Amino acid sequence: MPIIKVENLSKKYILSHQQREAYTALRDVIANKFKAAGRKVLHPFTLHNSQFTNGSHEEFWALKDVSFEIEQGDRVGIIGRNGAGKSTLLKILSRITEPTSGIVGINGRVASLLEVGTGFHPELTGRENIFLNGAILGMSKAEIKRKFDEIVAFAEVEKFLDTPVKHYSSGMYVRLAFAVAAHLEPEILVVDEVLAVGDAQFQKKCLGKMENVGNEGHTIFFVSHNMEAISRLCTRAFLLNAGKLLIDGVPSDAIRGYLASSRKRAGQVVWAETHSAPGDDVAKLRAVRFIGDDDSVITTLDIQRPLKVSINVENLKPGTKLVPHLQFSNDNGVILFTTAFNNDANSKELPVGLLEITCTIPGNFFAEGDISLTVSVNTYAPVLKAHLCEYDVLTLSVEQTGGVKGIFPFDWPGVVRPEFTWECQTS
Amino acid sequence: MEDQDFKLIIRPGRSEFHYWHDMWRYRELFWFLSWRDILVRYKQTVIGIAWSVIRPFLTMVVFTIIFGKLAKFPSQEVPYPVMVFAAMLPWQFFANSLTESSASLINNASMLTKVYFPRLIIPASSVIVCLVDFFISLAILAILMVWYSFTPDWKIMTLPLFLGLACLAAFGFGLWFAALNVKYRDFRYVVPFIVQFGLYVSPVGFASNVVPEKWRLLYSLNPMVGVIDGFRWAILGGRSELYWPGFLLSSGLTFLVFTQGVRYFRRTERAFADII
Chain A
1 MPIIKVENLS KKYILSHQQR EAYTALRDVI ANKFKAAGRK VLHPFTLHNS QFTNGSHEEF
61 WALKDVSFEI EQGDRVGIIG RNGAGKSTLL KILSRITEPT SGIVGINGRV ASLLEVGTGF
121 HPELTGRENI FLNGAILGMS KAEIKRKFDE IVAFAEVEKF LDTPVKHYSS GMYVRLAFAV
181 AAHLEPEILV VDEVLAVGDA QFQKKCLGKM ENVGNEGHTI FFVSHNMEAI SRLCTRAFLL
241 NAGKLLIDGV PSDAIRGYLA SSRKRAGQVV WAETHSAPGD DVAKLRAVRF IGDDDSVITT
301 LDIQRPLKVS INVENLKPGT KLVPHLQFSN DNGVILFTTA FNNDANSKEL PVGLLEITCT
361 IPGNFFAEGD ISLTVSVNTY APVLKAHLCE YDVLTLSVEQ TGGVKGIFPF DWPGVVRPEF
421 TWECQTS
Chain B
1001 MEDQDFKLII RPGRSEFHYW HDMWRYRELF WFLSWRDILV RYKQTVIGIA WSVIRPFLTM
1061 VVFTIIFGKL AKFPSQEVPY PVMVFAAMLP WQFFANSLTE SSASLINNAS MLTKVYFPRL
1121 IIPASSVIVC LVDFFISLAI LAILMVWYSF TPDWKIMTLP LFLGLACLAA FGFGLWFAAL
1181 NVKYRDFRYV VPFIVQFGLY VSPVGFASNV VPEKWRLLYS LNPMVGVIDG FRWAILGGRS
1241 ELYWPGFLLS SGLTFLVFTQ GVRYFRRTER AFADII
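Protein sequences appear in the order of chains A and B. So for the first sequence, the working numbering puts the first residue at 1; every next one is plus one. So for the second sequence, the working numbering puts the first residue at 1001; every next one is plus one.
Honestly, the hints are just simulated from the structure, not real lab data. These numbers come from a predicted model, not from an experiment. Even for Gly, the Cβ is constructed at its ideal location relative to N, Cα and C. It cannot be assumed that every hint is accurate.
Far from chain B, some chain A residues (derived; all Cβ distances over 10 angstroms) [claimed, not checked]:
{"hint": "1", "residue": "104"}
{"hint": "2", "residue": "354"}
{"hint": "3", "residue": "414"}
With a Cα cut of at most 25 angstroms, we get these calculated DSS-like pairs of lysine-lysine [as the list claims (entries may be wrong)]:
{"hint": "4", "chain 1": "A", "residue 1": "348", "chain 2": "A", "residue 2": "405"}
{"hint": "5", "chain 1": "A", "residue 1": "159", "chain 2": "B", "residue 2": "1183"}
{"hint": "6", "chain 1": "A", "residue 1": "33", "chain 2": "B", "residue 2": "1183"}
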């Protein structure tokens, strides 16, 4: 008897090209009604259908005919590129949005953790937010009271319990938010990319906690771009691509499939229009490019040559201190390093408009093989917020031409291959 | 798939079987959200409480001067300020609830797209917050009554009934507006207009018996007429007669708006997360 059964699940969104926003304006509806009425009076014998005549709508299947069965205790990792339908699947399972067709049967209480700190209010104290957030995640007051001390200890915020969370550092904020969520005990836990925040040590703690939850026989759905976490935590993995379930198997198979699919190389990605570009009302990503030292866009890099990464960010809101992050990972999914601009204590407000931000990485730094780039743009105040995060947006092949490895005939170990100064003197 | 094998079935267009059961299960969330809004409101503005005192009080002063002193409307042998304030209570409550609840879903958009719970909780909790303001105003009325040495009779015991009717009206309209606000984002420009307009077409600054007898039934098509008349009847005692046909018509309309509001809200709430 499966705990979850999904049959032919599909979800369709209607994309509208005319408007920037998803919602409709009443004045447009009224105006269109009048226009349609006017057309009917002028051309009474032609067929009118507003859906088809203006041609500005396009269907988009976020999920298409997905079927699977989950047994109790399964820990399912879901991987795929941005827009593959991972979040849509989680949202349907947690009843936030309804499917367009198909059916889902669930036996048990579902708790969803799609964002850390949903409903946190900056004016309320840590203590008050624990109760509020717990209730939002579906815990009863008695349950929260019982686990209160545990939550506080896990988050390490004992001293600041009665301070409004607007005065918390973003690290503390995330710790507190995750601590509440980590003490949920539902039969089925649905988790979306929440481990992307917080420092490494805390992430480790969270993974450990989730592993415990899994070992206690709870069923977990876990979306992540962190392949290490997926392979460590999950007993099963789904690879989604363009709304379809491509692979349903052991994590290593799904990860291999994912990495193979993202290895198609392109030296640049450009979003021509603001409304389709990734981002929100604060920042939009308009282009990402790998540029070689001859100023041309490249898809392969000579291991000894410097690499310039150029990102075009549209800053839409005056007075925001945008902090772009670049994160590089290799073809095993290991994160090599993260670098950020405008990231120090006296970070600046960036000018409004289209900004070109470049980062130069010296030659003799990467190891050979494929590296992929993840771009995010964040603000830190009042709390850490990622305005966009494009995982594995570009891939670059680093070609061995000599350099540090020199004439060594076998594999040269290490995830990076920096050049250092060596000296030898007779003493 | 056999439906009876699973406790919960998700399929398109299926009206939620567990909805009212879920409402009961999420009752604590409802209290928490109300508690949050009250807390934030009185934490954020130093003049939080003062504001809920000053606003109805000043409106009452202005209405007393304009309608009572300048226009010399009849006061039903009650001090004019008391008569006005008895109507200010439900009107302010209605207007605030309507404004708050119509914006409530948009303000909690991040919650709607990240967690499941019966969406009805959100506009409902914003009505509760306005209820706190209502009780503060009620205290002012008590002070006013002492000041004018005005003693109510037994009918004041019926006040909770009329407060219930006011809640129903506020929540009913609030549900419509909240749902429409999600769907048509420019709907929010309509709300302040309705609130402002409503103040003049409802018997707040004057007693509803200044309306000619033959128009009174028509006038009672405004649901707030029934609520306000009920409040005056309960607070001012025998000195304010209740016009029963009008009151019943108003109350009936309030029920209709409320039940249809719940239906419309539930029909549209499944799509909230997609369009908000």
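Going down the list of hints, with the structure as the test:
At roughly 4 angstroms from the closest C-beta of chain B, the C-beta of residue 104 (chain A) falls inside 10 angstroms, breaking its exclusion from the interface. Even its closest Cβ contact with chain B, about 27 angstroms, leaves residue 354 (chain A) beyond 10 angstroms, as expected for a residue assigned away from the interface. Listed as outside the interface, residue 414 (chain A) is consistent with that label: its C-beta sits roughly 40 angstroms from the nearest C-beta of chain B, beyond the 10 angstroms cut-off. At most 25 angstroms may separate the alpha-carbon atoms for a hinted pair to count; residue 348 (chain A) and residue 405 (chain A) exceed this at roughly 40 angstroms.
As the CA atoms of residue 159 (chain A) and residue 1183 (chain B) are separated by approximately 44 angstroms, the hinted pair breaks the 25 angstroms bound. Distance check on the hinted pair: residue 33 (chain A) and residue 1183 (chain B) sit about 16 angstroms apart at the alpha-carbon level, within 25 angstroms; holds.
The earlier numbered hints that this structure contradicts are 1, 4, 5.
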